[in-house]
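When you get a sec, could you build the whole thing from the sequences and use the hints?
Each protein sequence line maps, in turn, to chains A and B. If you count by this note's numbering, then the first sequence holds residues 52 to 385, one letter each, in order. If you count by this note's numbering, then the second sequence holds residues 6 to 309, one letter each, in order.
These aren't lab readings, by the way, just hints derived from the structure by calculation. Check before you lean on any hint, since a few could be wrong.
What the hints assert, rightly or not - Have a look at the derived ranges for each label pair, beta carbon to beta carbon: (1) A:R288 - B:S40: 29 to 35 angstroms; (2) A:F116 - B:A207: 46 to 52 angstroms; (3) A:L237 - B:Q254: 45 to 51 angstroms; (4) A:T229 - B:N223: 52 to 58 angstroms; (5) B:F56 - A:R105: 55 to 61 angstroms.
To be verified - EDC-like, lysine to aspartate or glutamate: derived pairs with alpha carbons at most 20 angstroms apart: (6) B:K45 - A:D180; (7) B:K43 - B:D297; (8) B:K268 - A:E202.
Here a beta-carbon is modelled for each residue, glycine too, at the ideal position from N, C-alpha and C.
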Amino acid sequence: MFAYTIRRLATLVPVLLGMTFIVFMMIRAIPGNPAQLILGQQATQEAIEGLTRRLGLDQPWYTQFFAYIKGLFAGDLGVSLKTNVPISEEIWPYLAATMELALVAMIIAIVVGVNAGIVSAWFQNSWFDYTAMVLALIGVSMPIFWLGLMEQYIFSIQLDLLPTTGRDNIRVPVDPITHLYLIDTLIQGRFDQFTEVIRHLILPGIALGTIPMAIIARMTRSSMLEVMRSDYIRTARAKGMKMFWVVYKHSLKNAMIPVVTVIGLQTGLLLGGAILTETIFGWPGIGTYIYDAISFRDYPVIQSGILVVATIFVLINLLVDLLYAAIDPRIKFK
Amino acid sequence: MSEQLAKSTPPVVPQHVPAPVEDKAISPWKEAWRSFKKNKIALVGLSIVSFFILIAIFADLLAPYHYKDVNLSDKHIAPSAEHWFGTDEFGRDILSRVIHGARISLWVGFFSVAGSVIVGSVLGIVAGYYGKWVDGIISRIFDILLAFPSILLAIAVVSVLGPSLKNALIAIAIINVPTFGRLLRSRVLSVKEEEYITAARAVGMSDTRILIHHILPNSLAPIIVQGTLAIATAIIEAAALGFLGMGAQPPTPEWGKMLADSKDFIIQAPWTVLFPGLAIMLTVLGFNLMGDGLRDALDPRMKS
Numbered sequence: 052m053f054a055y056t057i058r059r060l061a062t063l064v065p066v067l068l069g070m071t072f073i074v075f076m077m078i079r080a081i082p083g084n085p086a087q088l089i090l091g092q093q094a095t096q097e098a099i100e101g102l103t104r105r106l107g108l109d110q111p112w113y114t115q116f117f118a119y120i121k122g123l124f125a126g127d128l129g130v131s132l133k134t135n136v137p138i139s140e141e142i143w144p145y146l147a148a149t150m151e152l153a154l155v156a157m158i159i160a161i162v163v164g165v166n167a168g169i170v171s172a173w174f175q176n177s178w179f180d181y182t183a184m185v186l187a188l189i190g191v192s193m194p195i196f197w198l199g200l201m202e203q204y205i206f207s208i209q210l211d212l213l214p215t216t217g218r219d220n221i222r223v224p225v226d227p228i229t230h231l232y233l234i235d236t237l238i239q240g241r242f243d244q245f246t247e248v249i250r251h252l253i254l255p256g257i258a259l260g261t262i263p264m265a266i267i268a269r270m271t272r273s274s275m276l277e278v279m280r281s282d283y284i285r286t287a288r289a290k291g292m293k294m295f296w297v298v299y300k301h302s303l304k305n306a307m308i309p310v311v312t313v314i315g316l317q318t319g320l321l322l323g324g325a326i327l328t329e330t331i332f333g334w335p336g337i338g339t340y341i342y343d344a345i346s347f348r349d350y351p352v353i354q355s356g357i358l359v360v361a362t363i364f365v366l367i368n369l370l371v372d373l374l375y376a377a378i379d380p381r382i383k384f385k
Numbered sequence: 006m007s008e009q010l011a012k013s014t015p016p017v018v019p020q021h022v023p024a025p026v027e028d029k030a031i032s033p034w035k036e037a038w039r040s041f042k043k044n045k046i047a048l049v050g051l052s053i054v055s056f057f058i059l060i061a062i063f064a065d066l067l068a069p070y071h072y073k074d075v076n077l078s079d080k081h082i083a084p085s086a087e088h089w090f091g092t093d094e095f096g097r098d099i100l101s102r103v104i105h106g107a108r109i110s111l112w113v114g115f116f117s118v119a120g121s122v123i124v125g126s127v128l129g130i131v132a133g134y135y136g137k138w139v140d141g142i143i144s145r146i147f148d149i150l151l152a153f154p155s156i157l158l159a160i161a162v163v164s165v166l167g168p169s170l171k172n173a174l175i176a177i178a179i180i181n182v183p184t185f186g187r188l189l190r191s192r193v194l195s196v197k198e199e200e201y202i203t204a205a206r207a208v209g210m211s212d213t214r215i216l217i218h219h220i221l222p223n224s225l226a227p228i229i230v231q232g233t234l235a236i237a238t239a240i241i242e243a244a245a246l247g248f249l250g251m252g253a254q255p256p257t258p259e260w261g262k263m264l265a266d267s268k269d270f271i272i273q274a275p276w277t278v279l280f281p282g283l284a285i286m287l288t289v290l291g292f293n294l295m296g297d298g299l300r301d302a303l304d305p306r307m308k309s
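In structure tokens form, the structure reads like this:
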């Protein structure tokens with residue numbers, strides 16, 4: 052396992068370097084002088100030259116690239132042009148917001164998806180099975196930005212049950228400590244705010260969780276069906292064990308191996324979906340951060356923001372691989 | 006190809022089928038079509054896809070109004086006999102816009118995937134066939150491209166190229182290249198070891214001929230399956246880019262863009278948001294169902 056981990060970590064280095072290079076070059080491929088674009092047509096030559104120097108754009112690209120890499124190792128992600136604050140200092144609240152949303156989405160997806168898959172397999176070809184699988188098929192094909200809008204229309208506008216946008220009640224804002232609001236409100240013992248935060252998480256959580264939910268449900272079902280045909284399940288049933296325990300105790304354990312992989316892969320994919328969900332629900336997460344930077348032409352934020360998200364994505368995938376190798380020893384020897 | 010689909014003839018038959026053997030054996034494509042026909046869900050998918058292809062082809066005849074016709078006195082009319090899907094904030098007929106939108110979404114779907122297939126196949130074949138450092142470089146590029154969440158990479162590409170439908174198409178094509186590249190590469194690696202390739206080489210067949218006559222036909226089935234599923238994702242991604250204002254620009258009736266434009270009027274006119282979204286979902290569902298069916302029919306080993 053140790054050797055495998057090392058080997059897997061070693062493949063990470065060129066990928067991370069390559070990623071950084073691509074993002075770096077992409078920003079520089081934008082036509083025109085970025086300084087001119089940022090400052091607009093009215094800017095004086097002096098101002099443009101000043102900003103060009105500040106962005107380091109007067110240096111050759113490789114000098115800029117090595118300076119950027121060097122900065123990255125020192126934890127320096129650059130300075131935002133819009134706020135003038137180092138990105139490494141201002142990025143955490145956005146990251147925390149996205150993490151909280153992604154976590155809730157994944158919990159919803161796993162709890163509903165796994166159980167729907169189990170019951171579907173248990174009562175194979177029943178009306179429940181058919182309904183769940185049709186819903187799962189629709190769920191996989193769902194444009195999440197549209198689902199989000201429909202949720203807002205039904206649950207916020209028509210039924211007035213849940214808030215449409217934001218993370219907390221703006222009249223009683225959460226006092227951030229970790230910026231993970233669920234934790235912050237609990238630490239402060241503000242249970243009124245805690246429920247508020249949960250209420251704000253439900254709609255975007257469902258929107259973001261729908262696709263992984265559908266995929267997990269389908270995966271759990273097919274994996275359970277396979278396991279439930281095996282001999283030891285027949286033995287368990289033959290000795291008179293209650294079906295509920297056969298399903299939830301004996302079958303589930305073995306059926307979970309492929310499901311765990313799918314869950315891991317989907318967690319990574321959530322990051323992409325988060326960008327879309329955040330724009331609809333006014334969620335102040337990393338997607339919003341990058342999206343706003345694009346409309347403001349805040350190049351350092353676009354560059355480092357994309358890089359941070361991509362790095363997290365790579366690390367999650369690494370974790371999944373290691374986890375999978377730990378569960379299934381055959382992987383390591385491939 | 007599209008008209009063929011519409012007449013619901015086999016969707017899987019490519020133009021250059023490996024020459025059928027002269028005896029009574031059924032060709033693998035016919036066999037695949039037989040098993041596809043038995044799959045009810047796949048047939049539903051094929052029907053949905055054919056339906057939208059027909060709509061896209063005959064959009065000009067089917068649309069009751071012109072999709073650009075602005076009529077401010079008719080703004081936000083609820084669905085009625087005159088406007089089945091209602092009208093938007095400029096009084097444009099939503100049904101007509103959704104119909105024309107089918108053309109755009111399918112166009113982006115087909116052509117971006119075609120682009121990814123071509124570029125991905127060439128790179129994958131070169132990597133797999135020539136191996137060594139060529140493979141090393143190409144495979145690392147695939148790894149790096151796959152290391153980005155796809156929509157994020159698309160957004161980055163569009164922010165470099167500038168927002169337009171064409172650039173969205175290019176971005177989507179780029180993000181799908183590694184999928185097909187890896188597929189072809191692994192295919193080439195497994196076929197390369199087969200004895201008939203050694204035989205072909207022994208009789209003096211050139212590399213190019215081996216690639217075209219042996220390796221490509223052997224890789225068609227997975228490309229078709231993966232391609233169908235990729236069209237589904239491409240359509241969603243195009244709509245997402247349009248929704249973020251990074252794809253089609255007004256007055257193009259692109260479904261995602263329509264959603265973005267009408268989302269602020271969701272309270273007064275929910276139908277403006279309902280129908281474009283339903284159209285996206287149904288089209289994507291169609292391609293997904295068809296792709297699943299094709300996978301079961303063409304390549305039982307790919308079943309997960």
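Are any of the numbered hints broken by this structure? If so, which, sorted upward?
none
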